[in-house]
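Visitor: With my numbering as the guide, the letters of the sequence shown map in order to residues 1 to 848.
Be aware that one or more of the hints could be misleading.
Below, a list of computed lysine-lysine pairs in the DSSO-like style, where the Cα atoms sit at most 30 Å apart [claimed, not checked]:
no., residue 1, residue 2
1, K819, K725
2, K727, K681
3, K493, K227
4, K681, K222
5, K678, K227
6, K380, K289
7, K493, K333
8, K295, K360
9, K358, K681
10, K319, K289
11, K295, K319
12, K222, K211
13, K580, K593
14, K608, K746
15, K608, K806
16, K681, K295
17, K333, K380
18, K725, K619
19, K789, K493
20, K358, K380
21, K806, K819
22, K746, K593
23, K619, K580
24, K619, K581
25, K725, K360
26, K360, K211
27, K727, K762
28, K289, K678
29, K319, K358
30, K295, K493
31, K227, K380
32, K746, K762
33, K360, K227
34, K789, K503
35, K608, K295
36, K222, K493
Note that these hints are calculated values from the structure, not bench results. Just so you know, these numbers come straight off a predicted model, no measurement behind them.
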Amino acid sequence: MTLCHMRRKLILGLLMAVLLTVFHDAASGLSMAEAADVPHASSQGLLGAGVSLAANQDRHFTVRETTYGPEGADEEQSESVLTTSPSTLMEETFDNIPDGQLPIGWEKIEGDFQVRSGALVGRSLASVSPARILLPPGIEGDGNVIFETDMTFLSVVEPSRWASLMYRIQSMQEKGHYPYYQFAFRQGATAANGIEFAYRTPQNSWDVREKTSHSTSFAINKTYHMKVVASRERVRQYVDGELLLDTDRAGEHANGRLGFQANGVQVRFDNVKVTLHPPLLPPITSKTKAYQPMKPNTNLVFTPDLAVTEVESLEHLMKLANQGTTTVWLKIKQNNDGQLEAYSGNYRIGLLSDVLHKLKGNFIPMLEPAHTNEAQAIGKLLQEEGIQDAHLVSSDLELLHSIRQKDLKLRRAYTVTETSLLTEGQLGRISMDAHSVGANIVVLPQAVSTQENVHYLAVRGLASWVLTDNSDLGIHAALVSGARGIVTSQPAKVRGAWNVYPKATLLHRPILIAHRGAPQVAPEDTLASYEKAIQLGSEVMENDIRRTADGELVLLHDETVHRTTNGTGFLRNMTLQEVKKLDAGSWFGPSFKGERIPTLREALRQLKGRPVIMLAEPKEDGLEAQIIQIIKEEGVESQVLIQSFNDQHLRHSRDIEPAYGRGLLESQTPPLSAALDKAMKQQQYYTALQSMSAPSFGSMYPELAAYGGSRGLTFWTWTVNDLNKMKQLISLGVHGIITDLMHQLKDDTVRVQLRTDQLELKIGHAFQPVIERITRDGRKVVVEAPSVKWVVVQPVNSLIQQVNPKTGLSELVASSPGKAIVMATVTGTAAGGTWQFISAPVEVQVAP
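My request is simple: use the sequences and hints to build the entire structure.
Guide: So this is what it looks like as structure tokens:
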């Protein structure tokens, strides 16, 4: 045997040993991925100079070793074939790696990464001292990979700190190993940037290109499965099988190494798997991922969304796109093969997966499963497809509750089944039931869709949609109720109905929230101030809650007492007895001398049983359980909403008692670009939080109002003390206004009503109802004839408008037989604007 031949055999044997060590079979935890359709997958970094790894047409991996003779001699080459399983993955379990070491080929860049107890543990004690590690070179193939692992946070410096899966890591900077892409996940994943797709630039800075929130934070010592699918410029990022980010912004680098990073956390990675050449991801056809339905131009200040319940086919449905129909209501059934099928009324539309693909960018799906197993299957399908723009609708509270925790990002709508007159107690129960299952929409049947009922639910942060009976009277009653959505099998009929209203018609009643009471006419956050706000017509009382040194809850905005009392010092250092000695009224005026800082319990007793609720804001951590306990003890469960700037306060409240509505306070600058995408992400965040939106008035922008409004999101803006700004916000679609100006708005019109029992006429006789304007402070003002305009529907000439010369009242004279739908229109002011107010419709029968 020649020396050269011996050397070749020795080198080949060593190479084979390395391959069998690094790419061992599944029994020992690691196997090499096949090279798929790529003829040569270079692994020189792993195998050493002069060696290459390739796959032939028989899917065998071939190790080629090239040797050289004396200078100028012909090159010699020997081959040996290593056959592997046709699987497309490599896997590392770390089970056979001693503590304190790393698997062969793994490369620590910086910080502390080592195997501990059969898993890879990264430790970073500060954000300025990250820890990074690379998988062996060559594992990543051509950069089109599935990279996944089980991840567990062991500890964090703070919830905003994170860990990540890095991929397509470049080595352009010596020892720096950047640029690269990464899938980053904060321990506090419920933050708006809890999940990120980020790019580490050639300048070694961050470019966060996509971000979203997760429905829950990552619990310490709990394991989650993280996965990245990289396919050319396309990337998808998953948590526990749920698609969270889907982007096409990974186009700078086609390949590169894989790795992990820890930043201010101690994190464990296990069961690392890399699969080469996943199926190509479909292209993102539009840079704007958000879909906003096109609503028609009408004379309504806010045109309700329109949901269709019955079409004969998918083709028929698609003809309704961009014609005012924004939502499609589908009944979902599971066939014998376990597949989900979509039905519209009695018509089968197709497999749900196919239908959802067609609906995307054309309609918002509202999905009604018959049973819990179908609801769970819907949730799984939507998660796998990364679809968050959908509603699950049902009258079955148990069904809605069964998926509340699992699929928090799936919006819910609760259908009411009662068809007789609803009492206030029943309405309170409905609102609490809706909140308890995370519903932001309540679907009311025609029979109970009155203005009063719709407004009652709106005051509790819920959007009402009406399931109309499709009659002319029913459709107009649904519209005038102020509902945010109309559900019908005849969308064309609804579109025709909303064209009869005059310009600037305000169908919904603006909600005015008294900011700390009526602080312009009484000392803020006192019982006197609250009482004054109630008398002025406020439906919601906003206040702030703090805890005294002896654990009592009182209402006070500031940490200290010196601004609003005759005392000094921090409230938290005072007992309730000491607080009650302070004068909270004299500073405002002598007539309020002796007013005290109220306890939460006293304020709730003041509101109990009255047409007003409390918007309670805990100003300190850890108050939620005590607040909820006092609410229950006082029996005012349906009269309280909880708001906070701190989303954790809302999560704690939801976990303790989900039946109370919640609102997230925010203040941010409206986006200058990609506003619809921003609105979509904000709406998804509110859905996961199960909260309405309470932005500062400067934070509102048209795309957010439109996108959220079409999906049942309620907006209450703060603190608006400019009447012109109020008008702008109402025109934008805002539901509620937090203000200090209740005293300037007491004369606002909130409703117009017809007072009559005269519903049958003979030709030549007059319809002479009394038209009343209901003011915000509760007065009923009879409207004079010149101020009344009539809307008469079908037939339009059956009743002729005139002014009675004797009474001075506006009246309608019957001119032809038939049925006519009648509504009175009155011009009035509300929330800084001048609008047209419409009475509930009545049907008048004209006999020959």
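Visitor: Is K619 within 30 Å of K580, Cα to Cα?
Guide: Given pair K619, K580 holds - Cα atoms ~20 Å apart, limit 30 Å.
Visitor: With the threshold set at 30 Å, check whether the alpha-carbon distance from K380 to K289 stays at or below it.
Guide: Holds: K380 and K289 sit about 21 Å apart, inside 30 Å.
Visitor: With a cut-off of 30 Å on the C-alpha distance, tell me whether K333 and K380 pass.
Guide: holds, 15 Å
Visitor: For the pair we were handed, K681 and K295, check the Cα-Cα distance against 30 Å.
Guide: holds, 21 Å
Visitor: Holds or violated: K746 with K762, Cα cutoff 30 Å?
Guide: Violated, at roughly 41 Å.
Visitor: Are K580 and K593 close enough, with their CA atoms no more than 30 Å apart?
Guide: Distance of about 13 Å is within 30 Å: holds.
Visitor: Going straight from one Cα to the other, do K725 and K360 come out at no more than 30 Å?
Guide: violated, 35 Å
Visitor: Sort out whether K289 lies within 30 Å of K319, counting only the CA atoms.
Guide: holds, 22 Å
Visitor: Holds or violated: K681 with K222, Cα cutoff 30 Å?
Guide: Holds, at about 26 Å.
Visitor: Between the alpha carbons of K725 and K619, is the straight-line distance 30 Å or under?
Guide: holds, 27 Å
Visitor: Need the status of pair K319, K358: alpha-carbon distance at most 30 Å?
Guide: Holds, at roughly 12 Å.
Visitor: What's the verdict on K295 and K360, does the C-alpha distance respect the 30 Å limit or exceed it?
Guide: The given pair, whose Cα atoms are some 17 Å apart, holds under the 30 Å limit.
Hint violations for this structure: numbers 1, 3, 15, 25, 27, 32, 35 and 36, all remaining hints satisfied.
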